[in-house]
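Q: Generate coordinates for the entire structure from the input sequences, incorporating the hints supplied.
Those sequence lines, one after another, are chains A and B. Start counting the first sequence at 1; every next residue gets the next number (the numbering used here). Start counting the second sequence at 1001; every next residue gets the next number (the numbering used here).
What the hints contain is simulated information worked out from the structure, not anything from laboratory work. A portion of the hints provided could be inaccurate.
[What the hints assert, rightly or not] Computed, partial: chain B to chain A, Cβ under 8 Å:
id: 1; residue: 1043
id: 2; residue: 1192
id: 3; residue: 1194
id: 4; residue: 1196
id: 5; residue: 1218
id: 6; residue: 1219
id: 7; residue: 1220
id: 8; residue: 1225
id: 9; residue: 1230
id: 10; residue: 1234
id: 11; residue: 1235
id: 12; residue: 1237
id: 13; residue: 1326
[Stated by the list, open to error] Reference listing, derived: stretches of chain A covered by chain B, where coverage requires no fewer than 3 residues with Cβ under 8 Å from a Cβ of chain B:
id: 14; stretch: 316-326
id: 15; stretch: 341-355
Every residue, glycine too, gets a C-beta built ideally from N, C-alpha and C.
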Amino acid sequence: MPSDLPPHETRPLVLSLSGITKRFGALTANDAIDLDVRAGEIVALLGENGAGKTTLMSILFGHYVADAGSIHIADASGQMAPLPGGSAQAALAAGIGMVHQHFALAENLTGLENIVLGTVPLWRLGFSRGAARAKIEGLMRGSGLDIDLDVPVGRLSVGEQQRVEILKALYRDVRVLILDEPTAVLTPQEAEGLAQTVRRLAARGLAVLFISHKLQEVLALCERIVVLRGGAKVADRPSAGADRATLAELMVGRPIPPRTRTPGRPGACVLDLDGVSVGRAGERDRLVEATLKVHAGEIVGIAGVSGNGQGALAGLVAGLMAPSGGRADLAGTRLGAANPAARVAAGVGRIPEDRHRDGTIGALSVAENLVIETIAAPENQSAGFLRYGALRARAAQAIRDYDVRCPGPDAAIRALSGGNMQKVVLARVLERAPRLVLAHQPTRGLDIGATTDVHRRLLAARGRGAAVLLISEDLDELFALADRIAVIHAGRLSPALPAEGLDLRRVGLMMAGHAAGEAA
Amino acid sequence: MIRFVPRERTPLWLTVAVSIGAGVAALLLTVIPLALSGAPVLRAFGLMAQGAAGSGFALAETLTRATPLIFTGLAAAVAFRARLWNIGAEGQLYAGALAAVALGSGAIAAPAYVLLPLVLLGAALAGAALLLVPVLFKTRFGADEVVVTLLLNFVVLLVVQMMLEGPMKDEMALGWPQSAPLLDEATLPRLFAGLRLHAGLVLAVVAAGLLHVFIGRTVWGLRLRAVGENARAARYAGIPVGASMALVGLLSGGLAGLAGACEVAGLKGYLTADLSPGFGYAGIVVATLANLSPLGVVPAAIFVAGVFVGADSMSRAIGVSNYLADLVVSFALLSVLVGGLVTRFRIVRVRREPV
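A: Next comes the structure, spelled out in structure tokens:
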């Protein structure tokens, strides 16, 4: 990697964690973790969910106090000074900045206001906009992060909002910048732009901690890779010479079998959309005259950056929204008014995008969540009384079959991890042998193990003859599973083309709004 | 320094302990105003306890007072479980009482085993109908049910006053604004000779048991809990959210209506505009103290009733205002809300590390 800075060892240390240990009851979330970060270094922090990444960052930020260990950070003169634990203010003052996966921006304020927010004391009546603007414009020139500072942040695209977040950190003169899954919401082109920015910032001496599970981009961007597993640091190595398979093995702790693609055997058409529109003009997430066929025994992938009409498409198939125009047929039956129960009855298995908000009801038990779509069915109730014996037995079966890690059928589902929660949703959806499976971002936020499991189940559903509509932002996922891929942008759906022979770059350009012909 | 860490689950004993602790804390906090008013604190508490449960008579009075509170407490509990913020139990109580009097004071002549159930059913339907309107406004137009139900309380009270001054006024009552008395066939029987305690208490406790089974064991109960916990996910799962809300409205309003019917048919015998000293509002406190559990509503209602009855008797003996009872109940509500922190979070002491 080209860099004007001296080689690694001679660069000054900016952050040093030593022996960080944190226990929650019997669980050791962080086990004596050492981590040194030098100026101008881009360090990847890899690990599955639950490996301890979040805990470590929370300790760094003062949200938790470590049971043992210490944090030292360079002060303005380059001297290493201990960072007091348990204080987010101290971490900010010491020059640690973080861009979270879910942005913390006030959507009604402009970029300029968001960036200076929190740096101006409440009791000061006015502040010098001119000086703030001059400083931010200087930062924008230096970093290549370009945004319109005077537009409310809510009107910016996701990629632009992320730039605001990074500028917010830079404005506070951070010396260590933590990026948490920064590319999860970006198109491949936007991700490449971000990578260039990060390289440029590092070249100016900023230390960057890059949290991600996309191994390819970690290998391309980072100089050093730190892997956490089960709360302990299992690897700390230069990225040169590392490859995806070894890193994945380090993260999971066992070899990952390579995925093999087998083509589906498409049968009869199950979902038939012909010029279907959903939502009104002016709404951001709407579907405009979409035409798409999904057949039994095939997986059709929908690629696109979230907010381009996926919500409307998923809402139509899930029964939350009614078509406002065009013809939508499900196995020969016209889809009319919004009616989720009718979709369930018609054999649509629905895996919602947000399992916390739409997929599960936190306070209800695992057993209850498993039957929540079909509680009126005779096997679940008699004369209006729930057959809890049968429910529990079925839940116990699902817990075994789907390997759900939980205390038992009566445990409240909110106590489960995201992956286990998703397994409950999968069990609910797939046990009824649906003829159409709607999988909307089915692996978002899941670790490699859980993701592999979801993929295996979706392929098994296809093998059984189900039609699968897979909506995802993860192009790797789409290319690994889908038989045909369509791209959605600004509510318009491209024709679904065979995934075999489709070019990743071209799909990326189409996601960013270039027409299919133009992108070719 | 202390920190709040969210609990994954709250054990039952802790929930119960918090409710009891809130009651105790409320009584302890009352020491401050008692001492400030110069009353002998220990003697005052002794008198309160004696007044609430010191004799069979006292206990019967407390249970009599608890009867409408159980009904309004259940009304609040079932509604709040579904996140339907029914603040209108007071109005629904009066609607029920009005219906009970309309049916039971001579309009229909029938034996007790027909008339009494009819009176109760009519009262429940009247209360239910009154709440159904704000629920439909909420599900159809997104109207805030807190505002609508609260304001309807005043509307209903004015209607009651109008009826008592006009069409339903008892000509034999020497000009007092009160309704004609209920027929004997429409009256709830007393449980013990010489005591005011009536069969309404039995109905209230049975209602609590039935509601417990309904919420925990039935299809509609599960739907109701699902809608209350996460209406979005409930809708996604195909649960009819509007219909579930309407059912909750019918149940909640009906229970509040029964509170009014039992007061008229069990205690007073006729309707006046001061039938309820705020039972509808106190029901919210009862339900909160009970952590919205139907079974918990019974002891919570008895506690609140005991505070009111005990404070009445104490104020007569040592001349401290019986507003003290309102103070205890308010303290109890505040304490249980603070206690909710303990049930939802683990409080962890954190040692600040030396800088």
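Q: Next, verify each hint and record whether it holds.
A: Status of each hint after checking the structure:
no.	hint	verdict
1	1043	46 Å, violated
2	1192	36 Å, violated
3	1194	42 Å, violated
4	1196	37 Å, violated
5	1218	5 Å, holds
6	1219	5 Å, holds
7	1220	7 Å, holds
8	1225	7 Å, holds
9	1230	5 Å, holds
10	1234	7 Å, holds
11	1235	6 Å, holds
12	1237	4 Å, holds
13	1326	33 Å, violated
14	316-326	holds (count 3)
15	341-355	holds (count 6)
Of the numbered hints stated above, those contradicted by the structure are hints 1, 2, 3, 4, 13, listed in ascending order.
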